[in-house]
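Trainee: Residue numbers (my numbering), protein chains in the order written: chain A, 1 to 163; chain B, 1 to 99.
Be careful, since some hints might not be right.
As the list claims (entries may be wrong) - Computed spacing ranges between beta-carbons, pair by pair:
hint: 1; chain 1: B; residue 1: 93; chain 2: A; residue 2: 142; range: 22 to 32 Å
hint: 2; chain 1: A; residue 1: 112; chain 2: B; residue 2: 81; range: 39 to 49 Å
hint: 3; chain 1: B; residue 1: 91; chain 2: A; residue 2: 105; range: 21 to 31 Å
hint: 4; chain 1: B; residue 1: 56; chain 2: A; residue 2: 159; range: 45 to 55 Å
hint: 5; chain 1: A; residue 1: 150; chain 2: B; residue 2: 93; range: 30 to 40 Å
hint: 6; chain 1: A; residue 1: 60; chain 2: B; residue 2: 5; range: 23 to 33 Å
Unchecked claim - Taking lysine to aspartate or glutamate pairs in the EDC-like style, the calculated list, with each CA pair at most 20 Å apart, reads:
hint: 7; chain 1: A; residue 1: 21; chain 2: A; residue 2: 86
hint: 8; chain 1: B; residue 1: 25; chain 2: A; residue 2: 86
hint: 9; chain 1: B; residue 1: 25; chain 2: A; residue 2: 52
hint: 10; chain 1: B; residue 1: 86; chain 2: A; residue 2: 137
hint: 11; chain 1: A; residue 1: 21; chain 2: A; residue 2: 84
What the hints assert, rightly or not - Every beta carbon over 10 Å from chain B, so not counted as near; a handful from chain A, in silico:
hint: 12; residue: 10
hint: 13; residue: 54
hint: 14; residue: 132
Worth flagging that the hints you see were computed from the coordinates, not collected in a lab.
C-beta atoms are modelled at their ideal positions from N, C-alpha and C, and glycine is treated no differently.
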Amino acid sequence: MVAQNIFFGIMAFVMICSALKVVTTTNVVHAALWLVVLLAGVAGQFLLLGAEFIGVTQILVYIGAVVVLLLFGVMLTKASIGEETDLDMPNKVLPTVIATLMFGVMSYALIDTFRDTELPRETVTNAADVSDSIFSDYIVPFEAVSVLLLAALIGAVVIARKE
Amino acid sequence: MYLVQFLLLSSVLFCIGIYGVLARKNGVMVLMSIELILNAVNINFVAFGTMTNNIAGEVFALFVIAIAAAEVGVGLAIVLLIFRNKRSIDLSTIDSMKG
Numbered sequence: 001m002v003a004q005n006i007f008f009g010i011m012a013f014v015m016i017c018s019a020l021k022v023v024t025t026t027n028v029v030h031a032a033l034w035l036v037v038l039l040a041g042v043a044g045q046f047l048l049l050g051a052e053f054i055g056v057t058q059i060l061v062y063i064g065a066v067v068v069l070l071l072f073g074v075m076l077t078k079a080s081i082g083e084e085t086d087l088d089m090p091n092k093v094l095p096t097v098i099a100t101l102m103f104g105v106m107s108y109a110l111i112d113t114f115r116d117t118e119l120p121r122e123t124v125t126n127a128a129d130v131s132d133s134i135f136s137d138y139i140v141p142f143e144a145v146s147v148l149l150l151a152a153l154i155g156a157v158v159i160a161r162k163e
Numbered sequence: 001m002y003l004v005q006f007l008l009l010s011s012v013l014f015c016i017g018i019y020g021v022l023a024r025k026n027g028v029m030v031l032m033s034i035e036l037i038l039n040a041v042n043i044n045f046v047a048f049g050t051m052t053n054n055i056a057g058e059v060f061a062l063f064v065i066a067i068a069a070a071e072v073g074v075g076l077a078i079v080l081l082i083f084r085n086k087r088s089i090d091l092s093t094i095d096s097m098k099g
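Could you put the whole structure together from the sequences, leaning on the hints where they help?
Mentor: This is the structure:
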């Protein structure tokens, strides 16, 4: 358990630092690359929680597809590759206050409620468990998600197409 | 491992994402911050699923990943369209619906 906690601490530190870099850096491409570090850290947390299929899916979908899509967005909107001064709203005090207040309330509520809840050991779930559940209990939402993906695909093409 | 450490990590990521959505004015950067928020939610789903020893948490995390992929596709298409019409993706200049 100690090794897991050390691993969690290192990963959490890296993730929080890279998340802060994503929202504060002045270079759009660097923000996308810090996002890769963050998403890999999230995948590591999933593996730490014993959810191996979600961890692998996270790497495949987010790092493999979403970040590439975001970089294409950066490229197609002709953002400069170097530093940019005009990325942030002029007023950054209010967002900071809102985020800090929100974190304060949420952390108080979470610590108050789940202070002593320990996670059970040895709960590794593999792809077979997940697929058993998807194709028995959650078959209707699964089909709905596939229709939604198709609709989003067609919608994205229709929106971005030249007249 | 305690459950609360994962919940606190995800709430930190969530609040950083909220800050990013509010403080950035480049459309693509706002989409990146939304990805941060969705990942925070996914950590919560998987952590609670592990706590209750229930596979449903992981299944719903998978659904969230699929919907996030659809969301970023449509979102980028909208950002491209805004760029094509206005030659800029500065979100503070998009106020034609403002009364």
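Trainee: Compare the structure with each hint and give your call.
Mentor: Structure-based check of all given hints:
1. For the pair residue 93 of chain B and residue 142 of chain A, the supplied restraint of 22 to 32 Å is violated, since their beta-carbon distance comes to about 41 Å.
2. Distance hint check for residue 112 of chain A and residue 81 of chain B: the Cβ-Cβ separation is about 45 Å, which falls inside the suggested range of 39 to 49 Å.
3. For the hinted restraint 21 to 31 Å between residue 91 of chain B and residue 105 of chain A, the CB-CB distance of approximately 27 Å keeps it satisfied.
4. Separated by about 33 Å at the C-beta atoms, residue 56 of chain B and residue 159 of chain A break the suggested range of 45 to 55 Å.
5. In this structure the hint that residue 150 of chain A and residue 93 of chain B lie 30 to 40 Å apart at CB holds, the actual value being about 33 Å.
6. Distance hint check: the CB atoms of residue 60 of chain A and residue 5 of chain B are about 26 Å apart, consistent with the given range 23 to 33 Å.
7. For the hint linking residue 21 of chain A to residue 86 of chain A, the alpha-carbon distance of about 16 Å falls within 20 Å, and the restraint holds.
8. Pair hint residue 25 of chain B plus residue 86 of chain A holds up; C-alpha atoms about 8 Å apart against a cutoff of 20 Å.
9. Our distance criterion of 20 Å between C-alpha atoms is broken by residue 25 of chain B and residue 52 of chain A, whose separation comes to about 36 Å.
10. Between the alpha carbons of residue 86 of chain B and residue 137 of chain A the distance comes to roughly 47 Å, so the proposed pair goes past 20 Å and is violated.
11. Restraint check for residue 21 of chain A and residue 84 of chain A: satisfied, since their Cα atoms lie roughly 14 Å apart, inside the 20 Å limit.
12. Its beta-carbon lying about 12 Å from the closest one in chain B, residue 10 of chain A satisfies the requirement of being farther than 10 Å from that chain.
13. The Cβ of residue 54 of chain A sits about 5 Å from the closest Cβ of chain B, inside the 10 Å cut-off, so the non-interface label is violated.
14. At roughly 8 Å from the closest C-beta of chain B, the C-beta of residue 132 of chain A falls inside 10 Å, breaking its exclusion from the interface.
Going down the numbered hints, you'll see the structure goes against 1, 4, 9, 10, 13 and 14, while the others check out.
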